[in-house]
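Sequences are here, hints too, so could you generate the full structure?
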Amino acid sequence: MKKPVATRLRDRPWAYLLPRDAEDAIELLRLHGITVQRLLEPVTLEIQAYTVADVTHQRQYNHAAVTRIEVGEVVSRSREFPTGTYVVPTAQALGRLVAHMLEVETEDNVVYWNRMDAWVPRPGDGGDDGLPLAPIYKLMEPMALPTELVEGM
26 MKKPVATRLR DRPWAYLLPR DAEDAIELLR LHGITVQRLL EPVTLEIQAY TVADVTHQRQ
86 YNHAAVTRIE VGEVVSRSRE FPTGTYVVPT AQALGRLVAH MLEVETEDNV VYWNRMDAWV
146 PRPGDGGDDG LPLAPIYKLM EPMALPTELV EGM
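In terms of our numbering, the sequence shown is residues 26 to 178.
The hints are simulated quantities; they were obtained by calculation from the structure and are not laboratory data.
These numbers come from a predicted model, not from an experiment.
Among the clues, some could well be false.
[To be verified] The calculated label-pair distances, taken between Cβ atoms and stated as ranges, are:
hint, residue 1, residue 2, range
1, K28, S103, 11 to 21 Å
2, G177, A118, 16 to 26 Å
3, K28, P171, 34 to 44 Å
4, L65, A116, 16 to 26 Å
5, E48, S101, 26 to 36 Å
6, P107, A169, 13 to 23 Å
[Stated by the list, open to error] EDC-like cross-link-like pairs, simulated, lysine to aspartate or glutamate; straight-line CA separation at most 20 Å:
hint, residue 1, residue 2
7, K27, D133
8, K28, D133
9, K27, E132
10, K28, E130
11, K28, E132
C-beta atoms are modelled at their ideal positions from N, C-alpha and C, and glycine is treated no differently.
So this is what it looks like as structure tokens:
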């Protein structure tokens, strides 16, 4: 077996934020034993996100319809997140797995497994400043957030 070699390095965020209706992605994370929280009230946060350069669907040896996002650039924005937005901290025992499953540039993430298809924008869809953003946001700085632990789904 070959040793994995990084092709691109990214700073690990303090937490990832996912849309409040992204239950399929959250279910997959929780099946892996990852701790997930939910916002109890709306908050405005300074986040990082990836712009979407392209979206493709491919057939792979282990999956019939893989979704791949080709990222453009990393952008920083102030954005309001509504009550119910999912918060997935990386400071947990499975923090590396959190980063692997929620970074859109990795090979085996929640987008790859079609758990975010309803949320994946298409290039040209627009968005903030005319650039569509990948639907997984990165909160880089630690902060106290009004959250509750997500139990059963």
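ask   = Honestly, which of those hints from before does the structure not fit?
value = 1
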